[in-house]
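Visitor: Kindly generate the complete structure, drawing on both the sequences and the hints.
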Amino acid sequence: MCRRTTGAPCVAWFSVPSQDLVLLAGAPTRFRSSAHATRTFCPNCGTRLTFIDDATPGETDITTGSLDQPNLVAPQDPIFTSEQLAWLKLADALPQCRRSRAEG
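Sequential numbering of the sequence shown, starting at 1, is according to this note's numbering.
Mixed in with the good hints there might be a few duds.
Claimed, not checked - Using C-beta positions, here's what the derived DEER-type ranges look like:
1) P43 with L67: 10 to 20 Å
2) T29 with W87: 18 to 28 Å
3) L88 with G26: 27 to 37 Å
4) L23 with K89: 29 to 39 Å
5) K89 with A25: 34 to 44 Å
6) V73 with R30: 31 to 41 Å
7) P43 with A86: 32 to 42 Å
8) K89 with P28: 23 to 33 Å
Worth flagging that the hints you see were computed from the coordinates, not collected in a lab. For every residue, glycine included, the Cβ atom is placed at its ideal position computed from N, Cα and C.
Guide: In structure tokens:
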């Protein structure tokens, strides 16, 4: 789903406690993308910003590419590697989760 919503071969996310998330300006547009998740994006340019999964209340995933300094966030646990494009090789030395973190 992430690949289709962004048009990119993969998406880098990082998670924060929802109460710690502070937006500097404006309010994102919310979109209920499935029965269990809400995504937000910038209403002006369409940049994907967050993913909020009902299964992990109190946690918000943020697109690393939307940050002013994305290099400050390093990969830790690639997820959904079972859906990775065959030609894409990212952080192969890290533990891989074939599905979500919860599913392993």
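Visitor: Could you tell me whether the CB distance from P43 to A86 stays inside 32 to 42 Å?
Guide: holds (36 Å)
Visitor: Is 27 to 37 Å a correct range for the gap between the Cβ atoms of L88 and G26?
Guide: holds (33 Å)
Visitor: Falls inside 31 to 41 Å, the C-beta gap from V73 to R30?
Guide: Check failed, 23 Å falls outside 31 to 41 Å.
Visitor: Please check whether P43 and L67 have a Cβ separation lying inside 10 to 20 Å.
Guide: holds (19 Å)
Visitor: Using the Cβ atoms, figure out if T29 sits within 18 to 28 Å of W87.
Guide: Distance hint for T29, W87 is violated at roughly 33 Å.
Visitor: Go ahead and decide if the range 34 to 44 Å is satisfied by the Cβ distance of K89 to A25.
Guide: Cβ of K89 to Cβ of A25: about 37 Å, so the range 34 to 44 Å holds.
Visitor: Do the beta carbons of L23 and K89 sit within 29 to 39 Å of each other?
Guide: Holds: the Cβ-Cβ distance is about 34 Å, inside 29 to 39 Å.
Visitor: Given the hint of 23 to 33 Å, check if K89 and P28 actually sit that far apart at their C-beta atoms.
Guide: holds (32 Å)
The structure fails to meet hints 2, 6 from the earlier list, while all remaining hints are met.
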